[in-house]
Amino acid sequence: MHMSQPIGERGRGVAGTTVGTLVTQPASQERQFMGGGGGGRGAGEDTMLETIMAAIAELTLDVKTVKADINSVKADINSVKADINSVKADINSVKADINSVRRELKEDINSVKADINSVSERVDELGEKFEAQNNGGVKVLDGVYDSVMNAEWSHVVVNCAEHDEKWLGMDVSDAKSEGQPQLWSGSQAHAPYDPEEPWEGDEVPGVSGKLVMVTLKSKKGWPYMPFDVVEGPMGPVETLTGYDGRHDAYIRKENFLVWHTVKEMLDKWLENKGIVRPFIVVGTPGIGKSFGTGSLLLYQLLHHPSDKLKVVAYFVRGEAYIFHKEGRRVVHYEEEKNAVKEINGMARNGIKGYAIYDICGESGGAGRLTDKWGIVLISSPNVNNFQKFKTKRPDTLSIYMNCYENVEFKAVLAWERHSQVAEGQINREDVNLEEDWKKVEDRIHMVGPLPRYVLGGEKRFFDRLRDVQSALYLVSRGDIKSLMKVMDRSREWHDDGTTHKLVRLVRHVDGKGKECRNQPTSVYVWKELQANIDATYLYKSEMYRILSDTMERGAYEFETAGLRVFMAWNVMGTLLKHLKHLPRGNEAMRCSVLSQRGAKGRMPTSFSQLTSDGQKQALAAGYLYRLPIPNFPLVDSFFVVEGTGAKTIVLLQVTKAQSHHTKKTTVRQFRKYMGNLFERWEETENYFNWEIIYIQHANSTAIYRRQDCFSPGGVANDTDIALWDNIHQYQLTLNAPIANLFLRRGVAPKACPAKRRR
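Take the position in the sequence shown, starting the count at 1, then add 25; the result is the number in the working numbering.
It is worth saying that the hints were derived from the structure and are not from the lab.
Hints may contain errors.
Stated by the list, open to error - Cut-off 27 Å, straight-line C-alpha distance, at most; resulting in silico cross-link-like pairs (DSS-like, lysine-lysine): (1) Lys-288 to Lys-235; (2) Lys-672 to Lys-605; (3) Lys-191 to Lys-242; (4) Lys-413 to Lys-366.
Stated by the list, open to error - Between beta-carbon pairs, the in silico distance windows are: (5) Val-446 to Cys-385: 31 to 37 Å; (6) Met-174 to Asp-488: 34 to 40 Å; (7) Asn-701 to Asn-751: 17 to 23 Å; (8) Asp-71 to Ala-107: 51 to 57 Å; (9) Glu-460 to His-606: 49 to 55 Å; (10) Lys-625 to Arg-731: 45 to 51 Å; (11) Gly-449 to Asp-420: 48 to 54 Å; (12) Thr-90 to Glu-70: 26 to 32 Å; (13) Cys-385 to Asn-751: 53 to 59 Å.
On a predicted model such as this, the values are computed, not experimentally measured, just so you know.
Ideal placement from N, C-alpha and C gives every residue a C-beta, glycine not left out.
My request is simple: use the sequences and hints to build the entire structure.
Structure below.
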């Protein structure tokens, strides 16, 4: 409130005079009021002073009153603010309650929706089951036909020039052509593997690099894994890499061997130039026969250009899928018997088709199928699976599949890591195929080249390893005959519950055609079985059978006996009489170091089992060295003799062939292995003398001239060829005189437990 303004209605001064009036009186008036002059203060002055003081007092009182009013207003304002805050709090509380109610309502609504969906799905499921029961478990699968027909091809090749060691020299690329690209030809697929030369892929027109493997990706998967499983959610992937390969069929050269064999007869049948005969594809359990071979056959049959082939059927797990080319539809049968009836009906109506039958136990359904259709059975070597079928269809032809090669395992690793990078599951810089391959190598060493276990998760691998070790324990408790059966490479697959864990099938090509043989499934199994054999008492009758039997029987036992002869103290004299030198051209005949009677190590006294995973050891006389892997290059065994002059390494090669030439690359592999096994190997090569003895069966055609070392392409490595040229060669036939002396000892040489010399 300005002092020049009247206080207003709140109070006035004396006799209605305002303070403003008093203060602003002119000086003349002030003097007049105070009595005129300045000669002392009169009564008027006192009255004026009192009036002023009273006015000031009243003004002070008014100020205090105003301040009190202001404070009161402030208090009222604060009270209003508090009321407003209280209202806001109430509003927020109401909002929270509303949101809570909304959430609860939403949850209740979602729960009701889920219940409705569950009931709806159950109703649909019951409806499908009801419909399936009325239709005999038959259902048309949408989109499956086109998924298989339009499966996408990709190549995995060896391409060291463009790919670094990080990817193990492997490269992955999509097939550029529409439909099936150019892949292995029939001649390439049927070409036998060279056991001394690891397969590293084939050159195929239109493919950059050497083709090792191809993949077929179907969006809805393949029959081996039910299509509804492929479309459903996937839990944790139990594989080495963690890659989900349900959609991918891994196709190997071995799978194409099957297809080319089937196609040759199929084409003639469809052209009315021949009959259709059944096939059975046989291979070691766990090598991908069903997923690889079955998927490839299905794809190729659906793409076959002949209009006469109307239908392709796929039987698996007691179910069946019938692919109709006309209408491009797939019908699923929950019970294979209903599919068999349908197929037999189509055959009676003159409709031609082909069936793929994946045996999961006995092949009862296959035997009921019409013989007017073609059929391929897929099975393990267990004859119980298909014996009834072969009895009914004696014209059945067998196709034998080999296990994975090392480079094919590398191809799978490259494909899976490449796919994970492409799908954003892992970063490219995090790929470490060398570490993956090391783990795979270790697994192959223990359980064999079986992708089901080698490329599976930790649990699957260790479960298999325990099964293998249990099987070895059971075999070790048996007699020598049962032990020899496992090691015998004969046609028969002895299925006693342990065989498939210890033995793998290999395709054998000879003059009579293609057959199968058995081999220990892994290096670990081979060494354990060999140790058991070496530690087992060999009876004279068993040894006589081994040394005197026919060509094929007892192949492995003959090899073992042929090596043991050099440990028999009473045989050496006769052995030397039958040892024949194989000279170089006009070279004069020479005696072996074994003719030096006082030579140390002339007759080894114990075995030494070499190990590829241990420290290098010193080469010593007195041991017959057991090699760490089957099919060791160049030799089956060897020992060291310290005679007159330089020490001599005597190589032993057991063979029934009439010749046993070798290659420069084989010599190189031998030198590499020996360098990994023994200390100071380069010095040993240069300063030791060398001999090799070819040990042959009495029924074999004797090797009569020096065996050659060939250099492919005419390119010679001086050190490899030079080493071979320095080896003196001999031939020995294990004839009756040697066998009789060997047996006259009363028992065969006592086998010492295999030593591990570090």
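List in ascending order the numbers of the hints, as given earlier, that are violated by the structure. 10
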